[in-house]
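Asker: Protein chains in written order, with the numbering used here: chain S, 3 to 251; chain V, 659 to 1136.
Fair warning: there could be bad hints in the mix.
[Stated by the list, open to error] Lysine-lysine pairs mimicking DSS-like chemistry, simulated, CA-CA at most 27 Å apart:
| hint | chain 1 | residue 1 | chain 2 | residue 2 |
| --- | --- | --- | --- | --- |
| 1 | S | Lys110 | S | Lys197 |
| 2 | S | Lys124 | S | Lys102 |
| 3 | V | Lys1109 | V | Lys832 |
| 4 | V | Lys857 | V | Lys712 |
| 5 | V | Lys832 | S | Lys141 |
| 6 | V | Lys1001 | V | Lys1098 |
| 7 | S | Lys197 | S | Lys141 |
| 8 | V | Lys1098 | S | Lys110 |
| 9 | V | Lys1098 | S | Lys141 |
| 10 | S | Lys102 | S | Lys113 |
| 11 | V | Lys854 | S | Lys102 |
| 12 | S | Lys124 | S | Lys113 |
| 13 | S | Lys110 | S | Lys124 |
| 14 | S | Lys141 | S | Lys110 |
| 15 | S | Lys197 | S | Lys131 |
| 16 | S | Lys124 | V | Lys976 |
| 17 | S | Lys141 | S | Lys124 |
| 18 | V | Lys854 | V | Lys1066 |
| 19 | V | Lys857 | S | Lys113 |
| 20 | V | Lys799 | V | Lys854 |
| 21 | V | Lys1098 | V | Lys976 |
| 22 | V | Lys699 | V | Lys857 |
| 23 | V | Lys1098 | S | Lys124 |
| 24 | V | Lys832 | S | Lys102 |
Derived from the structure by calculation, the hints contain no laboratory data.
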Amino acid sequence: MLSIKNLHATVEGEEILRGINLEIGPGEVHAIMGPNGSGKSTLGHVLTGREGYEVTAGEVTFMGQDLLALAPEERALAGLLLAFQYPVEIPGVSNMEFLKTAVDGIRKYRKLEALDSVSFMKLAREVCKRVDLDQNFLKRGVNEGFSGGEKKRNELMQMMLLEPHLAILDETDSGLDIDALQVVAAGINSMRDGKRSFVMITHYQRLLNFIEPDHVHVLGGGRIVRSGDKSLALELEDKGYGWLESEAV
Amino acid sequence: MSEQIDDLIKSHYAAGFVTDIESDTLPPGLNEDVIRFISAKKNEPEWMLEWRLKAYHAWLEMVEPHWAHVSYPDIDFNAMSYFSAPKRDEDRPQSLDEVDPKLRETYDKLGIPLHEQEMLAGVAVDAVFDSVSVGTTFRKKLYEAGVIFCSISEALQDYPELVRQHLGTVVPQKDNYYAALNSAVFSDGSFVYIPKGVKCPMELSTYFRINEAKTGQFERTLIVADEGSEVSYLEGCTAPMRDENQLHAAVVELVALDNAKIKYSTVQNWYPGDEEGKGGIYNFVTKRGLAHTNAHISWTQVETGSAITMKYPSCILKGDNSIGEFYSVALSSNFQQADTGTKMIHLGKNTRSTIISKGIAAGHGSNTYRGLVRMNPGATGARNYTRCDSLLIGDQCGAHTFPYIESKNPTAIIEHEASTSTVSDEQLFLCLQRGISEEKAVSMIVNGFCKEVFRELPMEFAVEAGKLLEVSLEGAVG
Ligand SMILES: Nc1ncnc2c1ncn2[C@@H]1O[C@H](COP(=O)(O)OP(=O)(O)O)[C@@H](O)[C@H]1O
Ligand SMILES: [Mg+2]
């Protein structure tokens, strides 16, 4: 699905990613943990092609394609989705219109029949229910005035509608109370179909109680300093990151 | 060559084609003889010629205004031509079938095939091609309702007293430099009269187009809504692409008598000049409405074209309880400069006005809102609400807001809100990350920004306005 080899990237001249190696197979769930500022979000941005992030070395293959050669929107159409840590507001553009435009684009790319407004409306309402958002959120501006938790659920809703092959969820669990966390976890689990892969960036073991990862990686200083299975997350919860960081240098 | 032009048009200015019709163009220059020629050519009554000459002499004494936030080289008024009519104006077409096929083709390209207009849902079109009005559809149907909708030249032949009674009552000849020039040389335009108590049975619509090189267009529109009547009027504008600048100095006068309602919408797509700022239309237009007791005047404008725009559709709220509204979207991209806004002059008691202005600047564009709200001593209990929002796309453009407020009545209430926002990289990236192209994303954001104004436009024009913005913003991002 996704193969990252020796990825180096800079932001404003400063090297943030310093040689990332990661293999993600179809249907796998990978958790990426690590202290603040270790480069987790940067990895998500680099993979999705955000402007300002410069790849200085390395290769990334996504479903057989050279990912780094694709424009950001082409990466999205190819099936790579990033749920943002800090979703931005687009006042004035209704959520519904935004979602419809995105879904129209992806369906066209996948050579699927276009959805008429009525069918789309129906679909969007269902998805709203699945993430426990009131239907009014469809009429409001994209993320406009949404609470932190509502924004995260809106990201999830986009994932459900766009059905990516690989979703990178950047701290989608942060700032959620336990009920919301369960809704989000259930939403993600419902998307697991044995083929779709997930990268979950998280600080907390608690999400991993609901969604069992196949692999856990710890990022430190722009590298993966430790990989393991689920038990690594428990160990981190216990000991913090300090013992790994001293190892990494 | 024409292939080249075609290509250009496709990618940039979709309405920029030139129709090859032999026209009867006056050599460049302006003097009394020119005015006499125009008046004679139109077989105008003597009073009209005198009216024009009075305006001309006033104009000679006036100086070009330079207070607006725009800059352009001095205009040589003797270098342009003041009359250009399609041939055969002696025997003007009696029906649409007689209209020159080339002309018809032009309209087809503009998306207004006249012979289909009659079948289309209720839009009558009075098309001004350069200076002379060529074909008016639906006139018969309107006539049955008692509505007069014709070119102002025809009105001067058929209803001279009606024209004489109202012409210049809202925008006097000496009102301003360009209005004086227009009064002297106006070539054609539309005339509308809605009788007492009549609700005009359909939207009235005019398409203006500047075709001849080196001509100025000076059309004059006069709309009179008699007591208790109602009309909605639409104006669309385009011009072909040319390297030299062309002047458009129109005057629009609206008279809403007691309890009448006039809604005037404009979708303006004059040629804005190229990416380097060469060519394009100078759009210096005077639009004003006079509202009597309980009357309601509403201006809606979508301004995407022109190299330079200076226009301030205004309302004089003379009668008690009269209402004035101004909804505007103005876009300046590339090197366009727009200085536009409105004037709401409250004279009567309990008069109300609403101003919603949406300015969009992209590329090197400069967008200025300039508005005046004046509460005169008699405007007891009057209210105004103004909102000016600016949207900046990129960091080379500018937006400016100059709200002028004059209140001479302590009971009058004036509210003003303003905001400036930008299309951020983050917003664009969210869209890209969802597979939405940058152009689509910008147009979605811009359309969202303009929603409140588009809502005021008749349905089919709202769609056109959205598309226009999209075309106008092409290449303005990134
Ligand atoms: N746009 C940016 N401009 C400057 N520095 C940045 C930018 N984005 C990230 N960084 C820096 O890169 C490092 C990694 O940040 P980030 O990837 O957000 O960490 P994490 O998500 O792991 O908390 C930090 O030191 C951060 O300050
Ligand atoms: Mg982060």
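Asker: If a hint holds in the structure, say so; if it does not, say that too.
Answerer: Structure-based check of all given hints:
1. Taking the CA atoms of Lys110 of chain S and Lys197 of chain S, the gap is about 21 Å. The hint holds against a cut of 27 Å.
2. With a C-alpha separation of about 12 Å, the suggested pairing of Lys124 of chain S with Lys102 of chain S holds against the 27 Å cut-off.
3. For the suggested pair Lys1109 of chain V and Lys832 of chain V, the alpha carbons sit about 37 Å apart, so the restraint of at most 27 Å is broken.
4. Pair hint Lys857 of chain V plus Lys712 of chain V does not hold up; C-alpha atoms about 36 Å apart against a cutoff of 27 Å.
5. Restraint check: the Cα-Cα separation between Lys832 of chain V and Lys141 of chain S comes to about 50 Å, which exceeds 27 Å; the hinted pair is violated.
6. With a C-alpha separation of about 35 Å, the suggested pair Lys1001 of chain V and Lys1098 of chain V falls outside the 27 Å cut-off, and the hint is violated.
7. With a C-alpha separation of about 33 Å, the suggested pairing of Lys197 of chain S with Lys141 of chain S is violated against the 27 Å cut-off.
8. Between Lys1098 of chain V and Lys110 of chain S the CA atoms are separated by roughly 15 Å; this keeps the pair inside 27 Å, and the hint holds.
9. Distance check on the hinted pair: Lys1098 of chain V and Lys141 of chain S sit about 20 Å apart at the alpha-carbon level, within 27 Å; holds.
10. For the given pair, Lys102 of chain S sits about 16 Å from Lys113 of chain S by alpha-carbon distance, which is consistent with the 27 Å threshold.
11. For the hint linking Lys854 of chain V to Lys102 of chain S, the alpha-carbon distance of about 47 Å lies beyond 27 Å, and the restraint is violated.
12. Proximity of Lys124 of chain S to Lys113 of chain S is assessed by CA-CA distance (about 21 Å); at most 27 Å being required, the pair is judged to hold.
13. The hinted pair formed by Lys110 of chain S and Lys124 of chain S meets the criterion: a straight-line CA distance of about 19 Å does not exceed 27 Å.
14. Among the hinted pairs, Lys141 of chain S with Lys110 of chain S is consistent with the structure: their alpha-carbon atoms are about 24 Å apart, no more than 27 Å.
15. In summary, the hint linking Lys197 of chain S to Lys131 of chain S is supported, as the alpha carbons are separated by about 24 Å, within the 27 Å threshold.
16. A threshold of 27 Å between alpha carbons decides the hint, and for Lys124 of chain S with Lys976 of chain V the separation of about 51 Å lies outside it, so the pair is violated.
17. Using a Cα cut-off of 27 Å, the hinted pair Lys141 of chain S and Lys124 of chain S holds, with the two alpha carbons roughly 14 Å apart.
18. Restraint check: the Cα-Cα separation between Lys854 of chain V and Lys1066 of chain V comes to about 34 Å, which exceeds 27 Å; the hinted pair is violated.
19. A C-alpha spacing of about 49 Å is found between Lys857 of chain V and Lys113 of chain S, which places the hinted pair above 27 Å, so the restraint is violated.
20. A distance of roughly 17 Å separates the Cα atoms of Lys799 of chain V and Lys854 of chain V; the hinted pair therefore holds under the 27 Å criterion.
21. Annotation: proposed proximity of Lys1098 of chain V to Lys976 of chain V is violated, straight-line Cα distance about 45 Å (limit 27 Å).
22. Between Lys699 of chain V and Lys857 of chain V the alpha-carbon distance is near 35 Å, which puts this suggested pair outside the 27 Å criterion.
23. Distance restraint check for Lys1098 of chain V and Lys124 of chain S: the Cα-Cα separation of roughly 24 Å lies within the 27 Å cut-off, and the hinted pair is therefore satisfied.
24. A hinted pair counts as satisfied when its Cα atoms are at most 27 Å apart, and Lys832 of chain V with Lys102 of chain S does not qualify at roughly 53 Å.
In summary, the structure is inconsistent with hints 3, 4, 5, 6, 7, 11, 16, 18, 19, 21, 22 and 24 from the numbered list given earlier, while agreeing with the others.
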